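**Student:** Sequence:
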Amino acid sequence: MKPRIIAIVPARGGSKGLPGKNVRPLLGKPLIAWTLEAAAASAYIDRIIVSTDDDAIAEAATEAGFPPPFRRPAHLAGDKSSVVDATIHVLETLAESWDYVVLLQPTSPLRLTTDIDAVIEKCMAEDAPAVVTVSPLPKPKNFLCSIGPTGELDRFNGTGGEIMMLNGAVYIIRADALVEQRKFTPEGTLAFTTPFERAWDIDSLYDFIACEALAPRILAGETAVLNAVRN
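Numbering (our numbering), first residue to last: -12 to 218.
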């Protein structure tokens, strides 16, 4: 039997880093619409829910074809509110049975439908409790360091596996594991590597301007040139 998969797009209002970012036009399209369109083209996702407390975000989601069926409560939409709690609120409000939950944050507009589906396929094929996307560090690990309590520099000399970073582009987790453990990375979570460029995470005006400037080249697949510049 085909597993039932719900995608949840958490998009609260009240961003401090970049006010109104979820509806800010990126190349002429509201930021949230990029994520909704990528999710809509998935071969596996059965339903897409936007979790928001904000009228403008709800309107943008509706115009994209995904009107929120309910609003996120104010106590789940503050600066310190948990995305996990907001996601579980959606599941409890719908009161339907789901096998997997896919979390797609609207601040990652350049992830592709193929990225989403590949993460879903990995989770199901390997019977993992969860899979999250990661990307290589923007600089080699020998650039990493820490600063001690008295200001001394300590260079990173890790000799283990490749150092990666969570990029927030795609999360998938078994619905029961999410509800029981209340986190997106339970024990046994697997990693799926996506290119640094497609995992762009917008938290500030700088992020937005840089993303908009580079997006046409990234989406055209011109990553070799961009990697050369970055490195």
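Think of the hints as simulated: they come from the structure by calculation, not from any bench.
Treat the hints with care, since some could be wrong.
Computed list of lysine-lysine pairs in DSS-like fashion (alpha-carbon distance at most 30 Å, straight line) [to be verified]:
1) Lys(-11) - Lys109
2) Lys16 - Lys(-11)
3) Lys3 - Lys16
4) Lys67 - Lys3
5) Lys67 - Lys(-11)
6) Lys(-11) - Lys170
7) Lys109 - Lys128
8) Lys170 - Lys67
9) Lys109 - Lys3
This structure is a prediction, so every number in the text was calculated from the model and none was measured.
**Student:** None of the hints should be skipped; say for each whether it holds.
**Tutor:** Checked hints:
1. Lys(-11) - Lys109: 15 Å, holds
2. Lys16 - Lys(-11): 33 Å, violated
3. Lys3 - Lys16: This hinted pair holds, its Cα atoms lying about 21 Å apart.
4. Lys67 - Lys3: 12 Å, holds
5. Lys67 - Lys(-11): 36 Å, violated
6. Lys(-11) - Lys170: Given pair lysine -11, lysine 170 holds - Cα atoms ~25 Å apart, limit 30 Å.
7. Lys109 - Lys128: 27 Å, holds
8. Lys170 - Lys67: 15 Å, holds
9. Lys109 - Lys3: Violated, at about 35 Å.
Checked against the numbered hints above, the structure violates hints 2, 5 and 9; every other hint is satisfied.
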